[in-house]
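Using the sequences and the accompanying hints, generate a full structural model.
For the sequence shown, the numbering used here gives the first residue as 31, with consecutive numbering after it.
No wet-lab data here; the hints were simulated from the structure.
All values reported here derive from a predicted model rather than from experimental measurement.
Heads up, some of the hints might be wrong.
To be verified - Cut-off 35 Å, straight-line C-alpha distance, at most; resulting in silico cross-link-like pairs (DSBU-like, lysine-lysine):
1. K43 x K121
2. K78 x K45
3. K58 x K93
4. K111 x K47
5. K78 x K42
6. K58 x K121
7. K85 x K43
8. K111 x K42
9. K111 x K121
10. K93 x K111
11. K78 x K43
12. K58 x K45
13. K78 x K58
14. K93 x K121
15. K93 x K47
16. K121 x K85
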Amino acid sequence: MIMDNAKLDTSKKMKLKVSTIFANYELKGIVYLDEFHFTSHIITSDYKVWFHNGKITARTCYKEGLLSDFSNTDLLTCDRKMAILVVYTEKHV
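See the structure below:
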């Protein structure tokens with residue numbers, strides 16, 4: 031079930047306080063949905079953004095640019111599909 035009133039925001043980086051320690055996280059992926067079909071953006075450790083759509087690209091991902099090329103708002107949609115899941119990993123300093 032898709033909730034029309036749900037709101038998702040993205041951020042390229044975030045900092046969370048867990049107990050008394052701050053942890054830094056970086057954006058690593060976004061999943062988009064449109065009519066029962068998922069597509070995704072995958073962000074590599076060198077901040078390249080790759081696009082994947084299994085229906086069109088099969089097993090191949092296509093480079094769309096660098097993460098710095100995208101605003102947080104740009105990342106909310108991909109080919110008119112809305113972001114439904116954002117994946118982060120902890121960045122160890």
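Hint check:
no. : hint        : in the structure
1   : K43 x K121  : holds (9 Å)
2   : K78 x K45   : holds (21 Å)
3   : K58 x K93   : holds (14 Å)
4   : K111 x K47  : holds (32 Å)
5   : K78 x K42   : holds (12 Å)
6   : K58 x K121  : holds (11 Å)
7   : K85 x K43   : holds (30 Å)
8   : K111 x K42  : holds (19 Å)
9   : K111 x K121 : holds (28 Å)
10  : K93 x K111  : holds (18 Å)
11  : K78 x K43   : holds (15 Å)
12  : K58 x K45   : holds (15 Å)
13  : K78 x K58   : holds (10 Å)
14  : K93 x K121  : holds (23 Å)
15  : K93 x K47   : holds (33 Å)
16  : K121 x K85  : holds (32 Å)
Taken one by one, the earlier hints all hold for this structure without exception.
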